[in-house]
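Student: Listed below, chain by chain, are the residues.
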Amino acid sequence: MDRSDPKPTGWRKALLLLRDETGGIHPRLIALNIAQRFLPRHRLQDTRASLFSWAGFEVGQGTRIATPPKINGDRDLYSKLSIGRDCVIDADCVLDLGEKITLGNRVTLSAGVMILTSTHELDIREHRAGPVQFSPVTVGDGAWLGARCIILPGVTIGAGAIVNPGSVVNKDVAAGVRVGGIPATQLEVLDRATV
Amino acid sequence: MPELVGPGAVHKRLKIGTYGGLNARCYFELYDQITIGDHVAVGQDVMFLTRTHDTSDPERRGGSASSAPIEVGNGAWLGARCTILPGVKIGAGSVIGASVVVAKDVPANMLVMGSRSISLAKWR
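Keeping their order, the protein sequence lines are chains A and B.
The opening residue of the first sequence carries number 1 in our numbering; numbering runs sequentially from there.
The opening residue of the second sequence carries number 196 in our numbering; numbering runs sequentially from there.
For the record, the hints were derived by calculation from the structure and aren't laboratory data.
What you are looking at is a predicted structure, and each value in this text was computed from that prediction instead of being measured.
Among the hints, a few may not be true.
Here's a subset of chain B near chain A, in silico, CB distances under 7 Å, partners left out [claimed, not checked]:
hint: 1; residue: M196
hint: 2; residue: L199
hint: 3; residue: P202
hint: 4; residue: L244
hint: 5; residue: T250
hint: 6; residue: R256
hint: 7; residue: G257
Output of the computed footprint for chain B on chain A, the stretches with three or more beta carbons under 8 Å from beta carbons of chain B [what the hints assert, rightly or not]:
hint: 8; segment: 107-118
hint: 9; segment: 160-173
Even for Gly, the Cβ is constructed at its ideal location relative to N, Cα and C.
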């Protein structure tokens, strides 16, 4: 939003408000969430992945989703998630689809992983969380994100990397290394990933 | 309601002692035995994970799964949003702060807090 714009008034304000309020409503996502309620958690993992691909998300073959991940985002939601082949998504993950999230092939997301793509511009003292900014997240082939780790917007995780449980990743992670901690730092170089 | 996850008869792999308390939304991954002693308080959103992966294959770091048991000693107190990783033993009378990821064994009567899960103090 351009902050120098004069405040909209009248019907334009109403239209903007309506757009803002309904931007995150996705009938197919609602249908998907209702359908998933009938699937027992941690069971029928392949079926759940098929439901995701029927809803319009790009989900590769052999991917397993243990429980419905929390998904939120505005326009073009369905093109903003791309999951490769043979991935595993464990319980209670959060995928914030403000921008594109790309998971490569054979990626493992453990329980409670949170991938964020929206943040705020730093604003004045009276209102620090300024206009919302989006940046994409990419996870390379074969990476393993440990339980409850948080991936911040704009981060790229290299192929064959491991993110330790509970860490917060705010910078790019090279291929074939293990990172951990808050914020995540490189802990060891694993044997070379064959990229 | 705590969530119990795992293959087969999960209830047989969870043992909780007397006079304990589980707060809301605890998560027990029961691929292996989880033993919780007497007088243990478990905070909200605590996650007990018993499954880990073989990481030797660079093509797939989350490789074949293996499991290890978790033990929590008598009188321990686990703060909200703790994550207990596979194979961890938490000693009797230890206190784990909120949001700590416990990756290593904790001796008895320790206070563990902070992001690097270092023990801060020994109590009595």
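Student: Against chain A, run the beta carbon of L244 (chain B) and see if the smallest gap drops under 7 Å.
Tutor: 6 Å, holds
Student: Do three or more residues from the segment 107-118 of chain A put their C-beta atoms closer than 8 Å to C-beta atoms of chain B?
Tutor: Holds: 5 residues of the segment 107-118 of chain A have a Cβ under 8 Å from chain B.
Student: Does R256 (chain B) pass the interface hint, meaning its C-beta sits closer than 7 Å to a C-beta of chain A?
Tutor: At 4 Å from the nearest chain A Cβ, R256 (chain B) passes the 7 Å test, so the hint holds.
Student: Okay, the segment 160-173 of chain A and chain B, do three or more residues pass the C-beta test at under 8 Å?
Tutor: holds (count 6)
Student: Hint check: is the beta carbon of L199 (chain B) less than 7 Å from a beta carbon of chain A?
Tutor: 10 Å, violated
Student: With 7 Å as the cut and Cβ atoms as the points, is T250 (chain B) at the interface with chain A?
Tutor: With Cβ-Cβ at 6 Å, under 7 Å, it holds.
Student: Please verify that hint: G257 (chain B), Cβ, nearest Cβ of chain A, below 7 Å or not.
Tutor: 2 Å, holds
Student: A closest beta-carbon separation below 7 Å is what the hint needs, so does M196 (chain B) meet it against chain A?
Tutor: Given a least distance of 12 Å, the restraint on M196 (chain B) is violated.
Student: Holds or violated: is the Cβ of P202 (chain B) closer than 7 Å to a Cβ in chain A?
Tutor: 9 Å, violated
Hints 1, 2 and 3 from the earlier list are contradicted by this structure; the remaining hints agree with it.
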